[in-house]
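Trainee: Here is how the chains run, residue by residue.
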Amino acid sequence: MKFIISRYNPEIDQEPHEQTFELDNALLSSDSMLLDALHLLREQDSSLAYRSSCQEGVCGSDGINVNGKNRLSCVTSLSELGQTVTLRPLPGLPIIKDLIIDMTLFYKQYKAVKPYLETIPLDIEHEHLQTPEERAKLDGAYECIMCGCCSTSCPSFWWNPDQFAGPAALLAAKRFVVDSRDIKHIDRLKELDSPTQTFRCRHIQNCTDACPKGLSPSRAIQELKSIMVKDL
Amino acid sequence: MTFTEYFPIETFDALVIGAGGAGMRSALQLTEDGHKIAMISKVFPTRSHTVAAQGGVNAALGNVTPDKWEWHMYDTIKGSDFLGDQDAIEFMCREASEIVRELEHFGVPFSRLDNGKIYQRAFGGQSQNYGEEQAHRTCAAADRTGHAILHSLYQQNLRLGTTFYDEFYAVDLLKNQDEEINGVLVMNIHNGEYKILQSPHILLATGGAGQVFRNNTNASINTGDGLGMVLRAGYPLQDMEFWQFHPTGVSGKGMLISEAVRGEGGKLRNALGEAFMEKYAPRVKDLASRDVVARAIAIEVNEGRGCGPDKDYVLLDISHIPNEIITERLPGIREISQTFLGIDPVKEPIHVYPTCHYMMGGIPTNIEGQVVSPDQDGNQQPIKGLYAIGECACVSVHGANRLGGNSLLDIVVFGRKTARTIHETLQKEPPQTELKLNLTPVVNRLNRWLKKAEEGSTDTVTQIKKDLQLVMERGCGVFRDEPTMQKALVELDAIQARLEKVCISDFSNVFNLERLSAYELENLITIGYATVVSALARTESRGAHSRVDYTERDDDNWLKHTLYFQDNHKLTFKPVNLSPKHHAMVKPKPRVY
Amino acid sequence: MSFNIKSSALSGRKAHIWQRISAIYLLFYAPFLAIVITQLPDSVSLKLLAYQLSTLPFSALFEVATLIAVLLLLVHAWVGVRDIIIDYVPRKKVNLWLTLYHSFLILLLLNSIMIAINLFGYA
Numbered sequence: 001m002k003f004i005i006s007r008y009n010p011e012i013d014q015e016p017h018e019q020t021f022e023l024d025n026a027l028l029s030s031d032s033m034l035l036d037a038l039h040l041l042r043e044q045d046s047s048l049a050y051r052s053s054c055q056e057g058v059c060g061s062d063g064i065n066v067n068g069k070n071r072l073s074c075v076t077s078l079s080e081l082g083q084t085v086t087l088r089p090l091p092g093l094p095i096i097k098d099l100i101i102d103m104t105l106f107y108k109q110y111k112a113v114k115p116y117l118e119t120i121p122l123d124i125e126h127e128h129l130q131t132p133e134e135r136a137k138l139d140g141a142y143e144c145i146m147c148g149c150c151s152t153s154c155p156s157f158w159w160n161p162d163q164f165a166g167p168a169a170l171l172a173a174k175r176f177v178v179d180s181r182d183i184k185h186i187d188r189l190k191e192l193d194s195p196t197q198t199f200r201c202r203h204i205q206n207c208t209d210a211c212p213k214g215l216s217p218s219r220a221i222q223e224l225k226s227i228m229v230k231d232l
Numbered sequence: 001m002t003f004t005e006y007f008p009i010e011t012f013d014a015l016v017i018g019a020g021g022a023g024m025r026s027a028l029q030l031t032e033d034g035h036k037i038a039m040i041s042k043v044f045p046t047r048s049h050t051v052a053a054q055g056g057v058n059a060a061l062g063n064v065t066p067d068k069w070e071w072h073m074y075d076t077i078k079g080s081d082f083l084g085d086q087d088a089i090e091f092m093c094r095e096a097s098e099i100v101r102e103l104e105h106f107g108v109p110f111s112r113l114d115n116g117k118i119y120q121r122a123f124g125g126q127s128q129n130y131g132e133e134q135a136h137r138t139c140a141a142a143d144r145t146g147h148a149i150l151h152s153l154y155q156q157n158l159r160l161g162t163t164f165y166d167e168f169y170a171v172d173l174l175k176n177q178d179e180e181i182n183g184v185l186v187m188n189i190h191n192g193e194y195k196i197l198q199s200p201h202i203l204l205a206t207g208g209a210g211q212v213f214r215n216n217t218n219a220s221i222n223t224g225d226g227l228g229m230v231l232r233a234g235y236p237l238q239d240m241e242f243w244q245f246h247p248t249g250v251s252g253k254g255m256l257i258s259e260a261v262r263g264e265g266g267k268l269r270n271a272l273g274e275a276f277m278e279k280y281a282p283r284v285k286d287l288a289s290r291d292v293v294a295r296a297i298a299i300e301v302n303e304g305r306g307c308g309p310d311k312d313y314v315l316l317d318i319s320h321i322p323n324e325i326i327t328e329r330l331p332g333i334r335e336i337s338q339t340f341l342g343i344d345p346v347k348e349p350i351h352v353y354p355t356c357h358y359m360m361g362g363i364p365t366n367i368e369g370q371v372v373s374p375d376q377d378g379n380q381q382p383i384k385g386l387y388a389i390g391e392c393a394c395v396s397v398h399g400a401n402r403l404g405g406n407s408l409l410d411i412v413v414f415g416r417k418t419a420r421t422i423h424e425t426l427q428k429e430p431p432q433t434e435l436k437l438n439l440t441p442v443v444n445r446l447n448r449w450l451k452k453a454e455e456g457s458t459d460t461v462t463q464i465k466k467d468l469q470l471v472m473e474r475g476c477g478v479f480r481d482e483p484t485m486q487k488a489l490v491e492l493d494a495i496q497a498r499l500e501k502v503c504i505s506d507f508s509n510v511f512n513l514e515r516l517s518a519y520e521l522e523n524l525i526t527i528g529y530a531t532v533v534s535a536l537a538r539t540e541s542r543g544a545h546s547r548v549d550y551t552e553r554d555d556d557n558w559l560k561h562t563l564y565f566q567d568n569h570k571l572t573f574k575p576v577n578l579s580p581k582h583h584a585m586v587k588p589k590p591r592v593y
Numbered sequence: 001m002s003f004n005i006k007s008s009a010l011s012g013r014k015a016h017i018w019q020r021i022s023a024i025y026l027l028f029y030a031p032f033l034a035i036v037i038t039q040l041p042d043s044v045s046l047k048l049l050a051y052q053l054s055t056l057p058f059s060a061l062f063e064v065a066t067l068i069a070v071l072l073l074l075v076h077a078w079v080g081v082r083d084i085i086i087d088y089v090p091r092k093k094v095n096l097w098l099t100l101y102h103s104f105l106i107l108l109l110l111n112s113i114m115i116a117i118n119l120f121g122y123a
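Residue numbers (our numbering), protein chains in the order written: chain A, 1 to 232; chain B, 1 to 593; chain C, 1 to 123.
Bound conformation, chain A alone (with noise of 0.2 Å):
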């Protein structure tokens, strides 16, 4: 297999250039995944550079631009690929070296969204009672992994990633927008309505196309907007 790989080392590159590796398909099995073969590829060349931990998708390290779509190299597999692989860094944000992006700006949005639930003191004797429906609001928003790979495509975020929150920052904003415990409802709202936050969002479902773990932010914005105009 061919593999084009974008390469920036900022100690030696003024800009990144493309790199072809070859891997022999002898090395890789039918359900060999990307990682295994970025894996290879660097006992090839020890100086190239990506993140990964968890190797099952959980971890949300590994987000790269596969043959243009965003993608987690552990769960992506080879033999969906094609024999020429294009392996770039998640677009949109500054590049570190190779295929690491400084995520530095994403997280500040994730930050600003206040993403934490804010309820009322602890009772050690009870928990909150929460209704199976009512939990149910935060299946498809709570299981973001953070990799980044829906903000980083999208435009909306591309322009203005100071100033976007963008769909990861916006999916956690939803998630506590509707959970039931939170006692800071009305206040989450009024802070996310702006034309820089949540309504720059144009719903061109990038986003929902780019996430790995098959959740559509692009829907949980639609929601966030449609609460916004029913409870402010």
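Simulated from the structure, these hints should not be mistaken for laboratory data.
One thing to keep in mind: the hints can contain errors.
Below, computed lysine to any residue pairings styled on SDA-like, alpha-carbon distance capped at 25 Å [unchecked claim]:
#1 A:Lys111 x A:Ser32
#2 A:Lys108 x C:Val89
#3 A:Lys137 x B:Val592
#4 A:Lys114 x B:Leu160
#5 A:Lys230 x C:Ile24
#6 B:Lys279 x B:Lys560
#7 A:Lys114 x A:Ser194
#8 C:Lys92 x A:Gly92
#9 C:Lys93 x A:Trp158
#10 A:Lys190 x B:Leu160
#11 C:Lys14 x C:Val75
#12 B:Lys117 x A:Arg181
#13 C:Lys14 x A:Asp162
#14 A:Lys190 x C:Val75
#15 C:Lys93 x A:Ser194
Fit chains B and C to the supplied structure of chain A, relying on the hints for placement.
Mentor: Chains B and C only, in chain A's frame:
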């Protein structure tokens, strides 16, 4: 260039190394108590391996079946094959209900029962009334409980404004002139710069070291960095012979298939279609303790009843479980099975085989979370300023075998407890950090990796790591005996010799992952030694340590913890604590399920 | 770079609501307009058109509906173009462009009212 003994210094009231559930829970407490702390993590916090925990966290809430912390304590002691310290287990089980409700208040999206309470599922080794009916004690957020807990703890830390040093690697502990632990040298992975973080209180929460085995459920970051640091500082590791092999890893690959699958009714079957756990644990069958199930699978495969062309795995069948239960309670398992096996478990059984999952041993601590080491008279003394929690620590609440659902409990209980210990100490003695630190050993270590390879040498850090993993898997797997372990020890010596020679080829500073894996490899090899040396010494079978040549548990000689020191691979021992404070001692007895 | 969009009139939610309301209104207005057009004989001038409209049985309703439609069309365009300006205009110039754009809309609105008065004033 070489490193000299000068690095920029920052000082803190306390340092937390590792941003998994344990580190994050203690950082939360310390920040809340108003201390200036730094949370150091080699990955962004939510990438820590707690995120991969699936099944749940144990607490005797009694939401589904009647329950008491005493029963939970009994099950845990029995599960530990009586090697767990009973005072620590008692403490953990007593704290459990409160700490789970606290987690719920932090925002953990637990699954719910119809009455609105937290959903609890059945897990292996859980019983009501000291060994009778199956209990439902594991509080679950679908099959993503670790993810839910880790993210909620991170979120609460964001709320309080904890200081994070993300993508910083802790290289080594630093001692001052008085030989006290007083700081840590860290490397910023982003630019390769080193700095000293100085503090009188250093809390290790660096997680496990499953990467020492080839087939494991662990993240690639689980390289036992805290353990290596402690060994190099001259302190021991405890019970390193006890590694939990999770019965149900994806065969050949190792991804975890949660015990929750069996908790929800999944059945293990061999090539003949037999639900074989009936033979090994007639009463509780598939919900026996993990060591028992792992051994049963290994025996089935060894005796030729494995499945597939190579007869090297068994089947985990959930096709009889209603679809909506799978969708609601086991969605992550379905996803993993589809991604890595191309199998939809609703229709076809999952291919599973035991895989290295959890390190019961670790850095010896007391209930307060202080690291302890024997003095000249053999008495366990706390090491001033050093603490350990979570998988890297050995309190010991898991003894020779951990029960499913107890590790998420362990991390939050002792995470909070140890933060309180540090808080109390800080209130009594304000931090003093003016003492000079001894940097010579760590500078030598850094400079060692600046050497260039000799002409013609082709060995690499990656290759040595692969070989180490293979040696450990063959030499110290589910079943062990003297000759294979002796062979492994010889092979480890060869690997150690290669480590001393090998050089890296990348000398850049930004995200130099080869240098990082070299540091990690040093830790892994020390852990390999600790494991094999401890396992060779323990001439009995207990919990996860199953010896073919010593098949019985030997309480007369071995009801004690192993302590391994790096210096000359020395071993000493310490007694198991059999004196809980609020409950009668649970007497060791034969362990049947 | 710090940047703030001035004016409280820019609540995302309000704009969103107005965009929806105007869209729905125009959705219903469009067939109404089509029906009216089919009812009209060929016209040669605007003034004749106004006269012919006034002869239709529902002329008063249509006039009011059209006035609202024009206003809502402006609102709809206001939100849409404003979004484009916020998204694509360089940061430093956003406020300038928004002011220019708002002035333009006010002119357009005045213009529409004049035309309406002119047309229907004769009827």
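Trainee: Now look at each hint and say whether the structure bears it out.
Mentor: Hint check results:
1. Of the supplied pair hints, the one linking Lys111 of chain A and Ser32 of chain A is violated, its CA atoms being roughly 36 Å apart against a limit of 25 Å.
2. With a C-alpha separation of about 24 Å, the suggested pair Lys108 of chain A and Val89 of chain C falls inside the 25 Å cut-off, and the hint holds.
3. A threshold of 25 Å between alpha carbons decides the hint, and for Lys137 of chain A with Val592 of chain B the separation of about 43 Å lies outside it, so the pair is violated.
4. For the hint pairing Lys114 of chain A with Leu160 of chain B, the CA-to-CA distance comes to about 11 Å; that is within 25 Å, so the pair holds.
5. For the proposed pair Lys230 of chain A and Ile24 of chain C, the alpha carbon gap of about 17 Å is at most 25 Å, so the pair holds.
6. Between Lys279 of chain B and Lys560 of chain B, the direct Cα distance comes to roughly 31 Å. Violation of the 25 Å bound is thereby established for this hinted pair.
7. Annotation: proposed proximity of Lys114 of chain A to Ser194 of chain A holds, straight-line Cα distance about 15 Å (limit 25 Å).
8. Restraint check for Lys92 of chain C and Gly92 of chain A: the C-alpha separation of about 21 Å stays at or below 25 Å, so the hint holds.
9. A C-alpha spacing of about 19 Å is found between Lys93 of chain C and Trp158 of chain A, which places the hinted pair at or below 25 Å, so the restraint holds.
10. The hinted pair formed by Lys190 of chain A and Leu160 of chain B meets the criterion: a straight-line CA distance of about 22 Å does not exceed 25 Å.
11. Annotation: proposed proximity of Lys14 of chain C to Val75 of chain C holds, straight-line Cα distance about 11 Å (limit 25 Å).
12. Distance hint between Lys117 of chain B and Arg181 of chain A is fulfilled; the C-alpha atoms sit about 13 Å from each other, no more than 25 Å.
13. Restraint check: the Cα-Cα separation between Lys14 of chain C and Asp162 of chain A comes to about 23 Å, which is no more than 25 Å; the hinted pair holds.
14. Among the hinted pairs, Lys190 of chain A with Val75 of chain C is consistent with the structure: their alpha-carbon atoms are about 23 Å apart, no more than 25 Å.
15. A hinted pair counts as satisfied when its Cα atoms are at most 25 Å apart, and Lys93 of chain C with Ser194 of chain A qualifies at roughly 19 Å.
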